[in-house]
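Here are the chains, one letter per residue:
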Amino acid sequence: MARVSQAGPALEIRNLSKRFGGAIALDRVDLTVRRGEVHGLLGQNGSGKSTLIKILSGFHAPEPGATLSLYGREVALPLQAGDFRNLGLAFVHQHLGLIPSLSVLENICLGEFAIHANWRIDWKGELARIRAVFAEYGLAIDPMARIDQLPQVDRCLVAIVRAIEEVRANQESHGGDGILVLDEPTPFLPRAGVEQLFALVRQVVAKGASVIFVSHDVDEILEITDRATVLRDGRVAGSVETAGARPEDFVEMIVGRRVDHYRSRHSAETGRKAVAAVVGLSGSVCRDLDLSLGEGEVVGLTGLIGSGFDEVPALLYGARQASAGVLEVDGASFDLTEMTPLRAIESRIAYLPADRIGASGAGSLPVADNLALPSLSRFAARLGVDRKAMFRWAAKTGKAHDVRPNNPALNLENLSGGNQQKVLLAKWLEIAPRLLLLDEPTQGVDVGARQQVFAAIDAASRAGTIVVCASTDAEQLAQICNRVLVFSQGRVAVELRGEDVTKEEITFQCYTGQTNSETMLTA
Amino acid sequence: MSGTGALSPIAEYEARIAELERKVSSLQTRRTLPAIDQQSAKTYIERYAIIAIWLALVIVFAVIDNYIYGSSRFLTWINFSTMFGTQGVLVALTLGLLLPLTAGDFDLSVAATMTLASLVVAILISTQGTPTPIAVLAGLAVGAVIGGLNAFFTLYFRIHSLIVTLGMATFVLGIAKWISASRTISIFGANPTLIEFVNQARLFNISMSFWYALILCVALWYFFEYTTQGRKLLFVGRAREVARLAGIRVDAVRSGALIGSGVIAAFAGILAVGVNGSADPSSRIGLLLPAFAAAFLGATSIVPGRFNPWGSFIGVFLLATGISGLQIFGIPNFVQDLFYGGGLILAVAASQLVRQRRAMDFGG
Numbered sequence: 001m002a003r004v005s006q007a008g009p010a011l012e013i014r015n016l017s018k019r020f021g022g023a024i025a026l027d028r029v030d031l032t033v034r035r036g037e038v039h040g041l042l043g044q045n046g047s048g049k050s051t052l053i054k055i056l057s058g059f060h061a062p063e064p065g066a067t068l069s070l071y072g073r074e075v076a077l078p079l080q081a082g083d084f085r086n087l088g089l090a091f092v093h094q095h096l097g098l099i100p101s102l103s104v105l106e107n108i109c110l111g112e113f114a115i116h117a118n119w120r121i122d123w124k125g126e127l128a129r130i131r132a133v134f135a136e137y138g139l140a141i142d143p144m145a146r147i148d149q150l151p152q153v154d155r156c157l158v159a160i161v162r163a164i165e166e167v168r169a170n171q172e173s174h175g176g177d178g179i180l181v182l183d184e185p186t187p188f189l190p191r192a193g194v195e196q197l198f199a200l201v202r203q204v205v206a207k208g209a210s211v212i213f214v215s216h217d218v219d220e221i222l223e224i225t226d227r228a229t230v231l232r233d234g235r236v237a238g239s240v241e242t243a244g245a246r247p248e249d250f251v252e253m254i255v256g257r258r259v260d261h262y263r264s265r266h267s268a269e270t271g272r273k274a275v276a277a278v279v280g281l282s283g284s285v286c287r288d289l290d291l292s293l294g295e296g297e298v299v300g301l302t303g304l305i306g307s308g309f310d311e312v313p314a315l316l317y318g319a320r321q322a323s324a325g326v327l328e329v330d331g332a333s334f335d336l337t338e339m340t341p342l343r344a345i346e347s348r349i350a351y352l353p354a355d356r357i358g359a360s361g362a363g364s365l366p367v368a369d370n371l372a373l374p375s376l377s378r379f380a381a382r383l384g385v386d387r388k389a390m391f392r393w394a395a396k397t398g399k400a401h402d403v404r405p406n407n408p409a410l411n412l413e414n415l416s417g418g419n420q421q422k423v424l425l426a427k428w429l430e431i432a433p434r435l436l437l438l439d440e441p442t443q444g445v446d447v448g449a450r451q452q453v454f455a456a457i458d459a460a461s462r463a464g465t466i467v468v469c470a471s472t473d474a475e476q477l478a479q480i481c482n483r484v485l486v487f488s489q490g491r492v493a494v495e496l497r498g499e500d501v502t503k504e505e506i507t508f509q510c511y512t513g514q515t516n517s518e519t520m521l522t523a
Numbered sequence: 001m002s003g004t005g006a007l008s009p010i011a012e013y014e015a016r017i018a019e020l021e022r023k024v025s026s027l028q029t030r031r032t033l034p035a036i037d038q039q040s041a042k043t044y045i046e047r048y049a050i051i052a053i054w055l056a057l058v059i060v061f062a063v064i065d066n067y068i069y070g071s072s073r074f075l076t077w078i079n080f081s082t083m084f085g086t087q088g089v090l091v092a093l094t095l096g097l098l099l100p101l102t103a104g105d106f107d108l109s110v111a112a113t114m115t116l117a118s119l120v121v122a123i124l125i126s127t128q129g130t131p132t133p134i135a136v137l138a139g140l141a142v143g144a145v146i147g148g149l150n151a152f153f154t155l156y157f158r159i160h161s162l163i164v165t166l167g168m169a170t171f172v173l174g175i176a177k178w179i180s181a182s183r184t185i186s187i188f189g190a191n192p193t194l195i196e197f198v199n200q201a202r203l204f205n206i207s208m209s210f211w212y213a214l215i216l217c218v219a220l221w222y223f224f225e226y227t228t229q230g231r232k233l234l235f236v237g238r239a240r241e242v243a244r245l246a247g248i249r250v251d252a253v254r255s256g257a258l259i260g261s262g263v264i265a266a267f268a269g270i271l272a273v274g275v276n277g278s279a280d281p282s283s284r285i286g287l288l289l290p291a292f293a294a295a296f297l298g299a300t301s302i303v304p305g306r307f308n309p310w311g312s313f314i315g316v317f318l319l320a321t322g323i324s325g326l327q328i329f330g331i332p333n334f335v336q337d338l339f340y341g342g343g344l345i346l347a348v349a350a351s352q353l354v355r356q357r358r359a360m361d362f363g364g
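Heads up: the sequence lines are chains A and B, in that order. Residues 1 to 523, numbered by my numbering, are exactly what the first sequence covers, in order. Residues 1 to 364, numbered by my numbering, are exactly what the second sequence covers, in order.
Take the hints with a grain of salt, since some may be wrong.
[To be verified] Computed, partial: chain B to chain A, Cβ under 10 Å: (1) Ile17; (2) Arg22; (3) Arg73; (4) Trp77; (5) Phe80; (6) Met83; (7) Phe223; (8) Glu225; (9) Gly305.
[Unchecked claim] Listed below are the simulated BS3-like cross-link pairs for lysine-lysine, each with C-alpha atoms no more than 25 Å apart in a straight line: (10) A/Lys399 <-> A/Lys388; (11) B/Lys23 <-> A/Lys399; (12) B/Lys23 <-> A/Lys388.
If you are wondering where the hints come from, they were derived from the structure by calculation, not from laboratory data. Glycine included, each C-beta is placed from N, C-alpha and C at the ideal position.
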């Protein structure tokens, strides 16, 4: 922070608002990033973080009345896509934007090639330059290695170096030291990788540049940032110096003032007979999960992105291979390293993936065919599939689940997201599953359909179906689950049951689950 | 707390949600009802346009024939029965192609498979004196083996079927030239049973090859529409991940489709021997493109957006009618290439319009 004395902050936003139709994504947001500081940006999903970033990258236009100045110079809004390069801004998104099958060198040069036509590329010169840059930052990465042969951490570092080099190359056009925006770079990195990344960030700011660090993770914000701004429901909930802050202060700003526990409709359930169990399940992130499931129980799995909760349904169904683990249902035992969807279905285990069109249903085929896929044998007559009976059945099932419009001949993709989900859930409920595995069952589903999906899940659980639901939507989990497991770094950090299953408690635990349990605020 | 209408914020919020839900549901019903009516009329036209185009083409040619040339060569039973009879082979070849296309794979080796199978049958009958039924079974076996090899390389090594079958086509053609020494092999002198069954036997004065192709068409239509295997094939082609997660053995279905297309291509080759009385390694290889053109043309109609047997059946005759008409008027042979090549591109362009020009996705 040697250059704080220089005139003007690196970035100053005043009065930034953005509406999408009637919804307000950003409401008069102010943000100041000083020169040479790491500035954290926190908030839940939907708090406006990504809208803010997208306005800076020129993807969204803000409402009139906002001002943006960079290094003391006012910049006209809205920005055009690509403008940010000349303004000294650089972005590294979670998916990094690297081409896996090309070398580090080619990836770093890509940006330049996109902008300038060059009829004689000096590969030797470029190689020497990149080597020098890596040496400068103390990185031991071979510029000739292919991106897909590098560990995730190194890919991330390459993307950051590329971004910061781009800012430097354009220095004469913006006159500042550059502002690097890191948009949630850490969820998929191991702990050691995060430290490497932080070391690089510190070097970058030591050279005078500023960094905006977007994250969900309070601990990381505490560790790396100088100051941090928290967004909640599109407004600035607070902007604080990190040095004196405690994790609880951040969590409170992120979640909002903690409401006293209101009585949820879940009674503290005791004595459910355990009929299914998961033993020692490990996947790519998830580690040694043990879980016992009761008759008709609805169990929610949640956590921050990258904490491993979201892969559990796929692993139990055999959609992805587990590295270890056993599933027991009604006395039958399945080795999850050899589980297949076919075996799962034969044991009436159903799985509804989050990817509706792509993994869950075929968009270009009619509703009737999608509905009947797992129940085809039901329509096998002596002369082949009884199509008429199938359509009659599809119409009846559609009506029972309130699919609108209830026309089984329509292609699935012509229905709204909510109605697609009703169809796809109905397809599994029709086989009366013993274990129903859900992954984000109401993502992109409208309010009305959401309640109907919940009602259908509820009805199934009352009929004895065990439901396991992975979701980041705390409100949804609070509404449907008897029990919620909050994951952190691949393991269950907290188990909430009975009256603790509330939206506030779930969200709160997601953010604090990974901090030291002594510092938890639980009343 | 005093004053009128001091609802608590939560009640207010809930009331607003309920109102919005009512609005959404009324909009949903209002919007979709007329849309369905409109759609059904539109769909109807879309489905049967191909037949209308075919009839229009027939009428245009008949009119030109009558009033401009003052003859009546086009609209005669002889002309049509010949056309039906000669196109049976192409119909069969096209139908075989539908299996891998529906499963999301390409089979570029069908014409070569057909050529090799026809040569194997002709050689067995003419030089080995093999009884016709056994020769026919041997021909079908050749198709099954080639299809099996295609499936093996495509599925075991995860190579795109386009590449495997492209190589296989040339390889198989090489074998065909080798075993025939690049000559035409006739079965007339040896044992004309096959010719009798395929070409000399006639129904409504149309060669049996046409009726065999028609039977195959009915069989495939039944397979696609009324069997669980047919439904599975469709899901595998449309959404492989959905199919996998529904417990369908995707690889088994795909290899079944490739083997099926090999066997049906061999069947087309056997029909060709019956129609021509001979086999040679060069004259049928050019049927690959017409088969694709007809398959894609068929996918724009009857069941629009889906490869379907009846659409392909009519597609073959739509193209053949155009060519036969123009040839009668003395327009030279190159018109055939213009028709088939142009037909393929226009057919795919039309089906892309139906799909609102979304990028075509050929799964891996």
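Hint check against the structure, violated hint numbers in rising order: Hints 3, 4, 5, 6 and 12 contradicted; others consistent.
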